[in-house]
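Residue numbers (full-length UniProt numbering): 1 to 706.
Among the clues, some could well be false.
[As the list claims (entries may be wrong)] With a Cα cut of at most 35 angstroms, we get these calculated DSBU-like pairs of lysine-lysine: (1) Lys185 / Lys156; (2) Lys65 / Lys402; (3) Lys83 / Lys68; (4) Lys332 / Lys288; (5) Lys83 / Lys47; (6) Lys65 / Lys127.
No lab work stands behind these hints, which were simulated from the structure alone.
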Amino acid sequence: QEIISGESEEESNGVNLMEFSDEILLHILSYVPCTDLVLNVRRTCRKLATLCLDKSLTHTVLLQKDYKVNKDKVKQLMRDIGKEIYQLNMAGCYWLPSSTVDHVTRCKNLVKLNLSGCHLTSLRLSKMLSTLQHLRSLAIDVNPGFDASQLSSECKATLSRVSELKQTLYTPSYGVVPCCTSLEKLLLYFEILDRSREGLMLSGQLMVGESNVPHYQNLRIFYARLAPGYVNQEVVRLYLAVLSDRTPENLHAFLISAPGSFAETGATKNLLDSMARNVRLDALQLPKAWINGSGLLQHLKFNNPFYFSFSRCTLSGGHLIQRVINGGKDLKSLTSLNLSGCVHCLAPESLFRKAEDDIDSSILESLVVSCCNLRHLNLSAAHHHSSESIGNHLCQLLSRLKHLLSLALPVCSITDVAASVEKPPTASNVVPQTFGRKVRIGIQTYPRNLADQANQKIESSVFWALMGSLRFLETLEIIGSSFSSAMPRNEPAIRNSLPPCVRAQSVGDSEVAAISQLTYLQSLTLAQLPNILTGSGLINIGLQCQHLRTLSLANLGMLGKVVYMSALMDMLKHCKCLRDLRLEQPYFCAGAQFFQALSHCSSLQRLCIVSRSGTLQSDAVMSFMANCLEVIMCHMFMGESLTVCKTLQQSIVRSFQAERPALNVVIFPLLHEDLTEVIRDVPMRHLDEITLFKSRVAEEPPNLWW
């Protein structure tokens, strides 16, 4: 109906949409969800009926964030174009019943299928895969109750031809890995909890009947990401045991992401020694205990590396340059580098160095020169303090990386050295100790528009210049080096946070305003910026960064009061493309004014608020949900009572669940002892992408999965 009404309006102006060439119309239609194309748009006229079934639009069907799709729509879609679909992505469709998967059997020509986050039993998986003889790429979850013995011979025949497998484990199991005898790419996500819902300790031993050995002889990419917990470590060791016996000759990417301590064993040492002798890698990530204090990097061989992650390692800058970059070797192939939490990576040695000491700019310069094509760089969770040497500030050196698309920095790294030395962080709030003219004590006023801030010479700062040079940056994270979220994974909420770095004390509104130069910015994270006084820079971002889709703000300014609330509400009125909003701030008041401003974000889909001692107004939340029709996730962890939280959650679900099948609502007291039990029921898509705070820049190699 909208297209038809648009046609009549255009015809009156002498322009008809249908007069455009097929190529232009196909490009326009490529932005429309496939369900809308097939079930709605193609019924409007004959020309669109033909174009909507073009192979370029039906070859790949993406349902992973089509939150309006339901079982009936999927059934009709598969019935209409099932034979034309070669790639189907239903990842994270947690709201669809398990019977929905049955309709995938109509897609006889499927080559790639992603069902991560979908409800799937062993029997349903067996029935579905038995009909998909052309399948080569598969992503599934392995939940408690999975039984590989229920897989039919036809299903196992299909799995034997699969070359790419992504498997998320919620129970100790090999899953379908032993059936995949032609594996070239294996991605494993370990999400097994240490305790059952009844409080029983779980074991990392595989279930009876799962003694089959995985087949890794053709493996080229091995990736494993572990959630916290010892059971995950026990299970991943079973997967690695086979690799330690015989390392695949074609292995070129070996990546293990493990939080906390993951000790090296004799088997893993044998594996690494074998890799050093027999393979040349293009991508590498290892647990910190496997790298720290070892000469491993000196012996590993690299071909044309595109991804390195040394997150949380004690690797020094000297070792980084000598062993990884080979003293300044040309590494133009490297596009993604994660040095998050690598506190000594920009210093020559780590033995006698304090984490807060100045960096060696020559190391960073060597890195920038050698890796000139970097697109993703993560330097967060460390103190990277620049010296007073002119032209050698971290921001000045990073400005040479013209291809950067995503960047994560600690707050203390972006401050001007002169400003942090000459102006102590508390100078404006300290009563003078000498006699003389009275000085008014209060909050300094800041201009609310870009022009006035330019007059304050903030454009001369090194961070302002950096933002001006990275015009195509899409993702930016500025995170305090000592920041920790109040909602860590699998643990009670943190009640106290560490103070910010001394160098970070001067970072505030003017630095935030500098970010508004990033015209193509899509994702922004700001955490622990202590000198936020009014939040005026947020308004500039709202006005200038019109492509912003994800915004995460945490602990800005003083923690006893939300000083930037007025500016935030002004900012939100301009964020028409914003889809995800995460706010973490003590004493946050989610009241009528806030939700009225948030209602201007017409594209908003997910909202998460984490606030110790925070309050909310139930009527305002209900009104917001009624006005913002696209919102399908509402997570609030506040200081309200359990009764208030449960009542509001039930009201939202009762009022909007029928119209929004994907609706996921969690409203719960932040400091309640049962918080971890509530968190475990949150769909992994929301938990991983927004609810839990973490740095996401260079977290994984680019294009690891589709």
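Evaluated hints:
1. Lys185 / Lys156: Roughly 18 angstroms between the alpha carbons, so the hint for lysine 185 and lysine 156 holds.
2. Lys65 / Lys402: 31 angstroms, holds
3. Lys83 / Lys68: With a Cα-Cα distance of about 23 angstroms, the restraint between lysine 83 and lysine 68 holds, given a limit of 35 angstroms.
4. Lys332 / Lys288: With a Cα-Cα distance of about 26 angstroms, the restraint between lysine 332 and lysine 288 holds, given a limit of 35 angstroms.
5. Lys83 / Lys47: 21 angstroms, holds
6. Lys65 / Lys127: 26 angstroms, holds
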